[in-house]
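Undergrad: Heads up: the protein sequence lines correspond to chains D and F, in order. Per this note's numbering, residue 1 is the first one in the first sequence, and the count goes up by one each step. Per this note's numbering, residue 1 is the first one in the second sequence, and the count goes up by one each step.
A hint or two may mislead.
[What the hints assert, rightly or not] Listed next, the stretches of chain F that the computed footprint assigns to chain D, with coverage defined by at least 3 CB atoms under 8 angstroms from CB atoms of chain D: (1) 126-137; (2) 193-202; (3) 238-250; (4) 336-349; (5) 391-399.
[What the hints assert, rightly or not] List of simulated lysine-lysine pairs, DSSO-like, C-alpha gap at most 30 angstroms: (6) F/K308 with D/K56; (7) D/K189 with F/K63; (8) D/K63 with F/K308; (9) D/K325 with D/K339; (10) D/K133 with D/K63; (11) D/K189 with F/K339.
Hints in this document: simulated from the structure, not taken from any laboratory. What you are looking at is a predicted structure, and each value in this text was computed from that prediction instead of being measured. Glycine residues also receive a C-beta, built at the ideal position from the N, C-alpha and C atoms.
Protein chains: 2
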Amino acid sequence: MLSRPDRLLSCLDLARRVEGGEITPEGIVDLCAAAIAAREDEVGAFTYLDIEGAKKRAREEAKHLAAAPLRGMPVGLKDIYDTYDMPTEYGSAAYKGHRPASDAAPVSMLRRAGGIILGKTVTTEFAHQQTGKTRNPHNLEHTPGGSSSGSAAAVAAGMVPLATGSQTAGSVIRPGAFCGVAAFKPSYKLIPTIGMKCYAWSLDTFGIYGAGVADVAFATAAMSGRDLRVDRAAPPTPRVALVHTHIWADASADMQNAIDVTARALRAAGASVKETTLPPLLEDAWRAHRTIMLYEAARSYAFEYDHKRDLIGPKTRDMLDEAAKVGVETYDDARRIAKRARPALADLMADHDVILTPSAPGAAPHGIGATGVASFNWLWTLMGAPCVNVPGLSDGAGMPLGVQIVGRFGRDRAALEAALFTERALARRS
Amino acid sequence: MLSRPDRLLSCLDLARRVEGGEITPEGIVDLCAAAIAAREDEVGAFTYLDIEGAKKRAREEAKHLAAAPLRGMPVGLKDIYDTYDMPTEYGSAAYKGHRPASDAAPVSMLRRAGGIILGKTVTTEFAHQQTGKTRNPHNLEHTPGGSSSGSAAAVAAGMVPLATGSQTAGSVIRPGAFCGVAAFKPSYKLIPTIGMKCYAWSLDTFGIYGAGVADVAFATAAMSGRDLRVDRAAPPTPRVALVHTHIWADASADMQNAIDVTARALRAAGASVKETTLPPLLEDAWRAHRTIMLYEAARSYAFEYDHKRDLIGPKTRDMLDEAAKVGVETYDDARRIAKRARPALADLMADHDVILTPSAPGAAPHGIGATGVASFNWLWTLMGAPCVNVPGLSDGAGMPLGVQIVGRFGRDRAALEAALFTERALARRS
């Protein structure tokens, strides 16, 4: 069942080829359609596809003289992003055939930048753990990760150059790692989450998948108008804090080795890499993440819990049963810990540009009924820090292993530059 | 056109009477229905009413043995709160007949607390300034304020004991002041805004109207499960900072007098009242509010701007035209000012429990084509501080004048206690 690696579509490369007249926007949609025809039946990345509509919009985009940066670039949207012209089912039978009245804000931002929505990708139910049909393109017996299962798999299978995710625990970085693609979760609220189904309002963060680090940076720059492109100059040499975290023992031998390999590659490329221990307050914050997520989920999903309980899956129901028991004092304590932990993390980062740490405990686990564990993501999501999954390594069985670059809150460009530096250091190694 | 003052419905009083068996939940709906029959034609507070449905739910609530705190309490919802069982039009022709798939989180919280949704109240379009049909119950030639126009007017006309609002600039406190009812805007994110139409995600805050301060405290406590009730003991004597702000000259003579009267009443009741000047950084923050609001509105309302421009009103369109011009650097500068201003305000408040300042520049202006000015609200919204409009004063023409109690972020109970203390001090005075 192990499949050959697919050829990834780089949005930067495609944008350059469109600009150079080597390919038309419609031609890009054709590339996507071919990859989808070849692999969608077995990968199952999409819940909805509109290839003909995308071609029509690609022809319209091609007529524009002043090219938008993502002109004609096909995008897959995790099916928690509202779209006015496609169904949006949040991965749940409770929303079968649901048609929102409007687009989510990031969808408008992508369309304004010239992006073309090719379809909606599989999400676990309400971005929690009730899995969908998606399989890992690298080995169909393995999970692609979740909750942004279809988006990571679609990019990994070369079906689309860009796809959006969202992260409340580890739902952007983990699937990126398991599927071997670049994944970027910007700082909390850098990209609005308006019109994305809310899981936990203090945590939910936009995310995006692409072939490489420069691709996700390019796309985020294009949609936000922010100076985040990292493809126009060599990235500066970063000062890296190597953070094993207190759950290092939960990382597989392969993952521990991947971090060692990355640290060596970074040093060989001239970067400083200093082993750094997190203070106990950040361990407390790591634990506080779950309390905050559950308390807020009990309110965000109150309508579904009260009115649609029979239609939601057992894993979602179990989570909401547990969430209903989290009291307001417990929540307030957790928020206080998070509030104190953010400046503590900033202090720790005073002498470092980024942190290097695992994206996940290891490669994608066997089976598609569960999406793996997000424990290496909780803390950074709660801290609102920009995170990048850097692809490029794999285990003995050829399954991708992702290493994570965590930046300082609000310093997204530095995080992307360091991630690009890391990606290149790993590439030079092989 | 000056009308007699209506008899307000106190939710606390009604809850006590339900508990004591003096009135049934259905009887409360009857009280609301009578006031609506008497005044809705001229006040125009509602866009949608379901009195029969409310009676049916009231009869069901009456059967419950374990009484929820708001059991059978009718609530009006500003029509930016999504409801699965009532149309939700956001005050806009662009959403004529729109039926959301689910309830907003605060709606679920109100229903769980036993509240009964009686109907949807008039909002200005997308909670900005394009006005609806609502008139001020105290004088039909005057605005009720906005954007929560219908909610404040419905409570003021005795049509409903509770109604929700939302504040992005001054949309909770100002209508409360203009209509002479208690209004409470809790700390930013104390109550989630999930399922409320987003205007600006850094600013949007839930709000609620009731007859008096103890009523809005009771309702917020009931829906949040937080210890916010202030009706069970005499409120402690507050230390009050009297803040005129740099726009004091914009306040009418009547409003300036109302603040003087309040300060005297507070002192007479034993409170300390110290005149306090805001540092220049807080003036900068006052200016930064508009930048943040516009930048975020350009993204929150991107879909409507791009796809429904012909259906939105000229004031909304003008705002969004201006919003489109706010650049990311301007926004980031404004956010940095806000971030520095919050601890500066906390320092200023170290020796005070609350601030006393106007709720609005004066009484409700003549005419219903505009909703008045929110300049006395911008800073506190941006700071995320809990704010209460304390009713009880009026100008020579009998129009209400509201004074504002602003608390420290996260100290909502102290803000409500000080507001209750103020309300009682003003009542003793007359």
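Undergrad: Compare the structure with each hint and give your call.
TA: Results for each hint:
Coverage of the stretch 126-137 of chain F by chain D is violated. Counting CB-CB distances below 8 angstroms, 0 residues qualify, and the rule asks for three or more. A stretch counts as covered by a chain when three or more of its residues have a beta carbon under 8 angstroms from one of that chain; for the stretch 193-202 of chain F and chain D the count is 6, and the coverage holds. Counting residues of the stretch 238-250 of chain F whose beta carbon lies closer than 8 angstroms to any beta carbon of chain D gives 0, which falls below the threshold of three, so the coverage claim is violated. Proximity of the stretch 336-349 of chain F to chain D, defined as three or more residues with a beta carbon under 8 angstroms from a beta carbon of that chain, is not established by the 0 residues found.
Closer than 8 angstroms: that is the beta-carbon criterion, and the stretch 391-399 of chain F has 0 residues meeting it against chain D, so the requirement of 3 is violated. The straight-line distance between the Cα atoms of F/K308 and D/K56 is roughly 21 angstroms, inside the 30 angstroms bound, and the hint therefore holds. For the suggested pair D/K189 and F/K63, the alpha carbons sit about 45 angstroms apart, so the restraint of at most 30 angstroms is broken. With a CA separation close to 23 angstroms, the supplied pair D/K63 and F/K308 stays within the 30 angstroms bound.
Between D/K325 and D/K339 the alpha-carbon distance is near 23 angstroms, which keeps this suggested pair within the 30 angstroms criterion. Between D/K133 and D/K63 the alpha-carbon distance is near 37 angstroms, which puts this suggested pair outside the 30 angstroms criterion. The suggested pairing of D/K189 with F/K339 holds, with an alpha-carbon distance near 14 angstroms, which does not exceed 30 angstroms.
Checked against the numbered hints above, the structure breaks hints 1, 3, 4, 5, 7, 10 and satisfies the rest.
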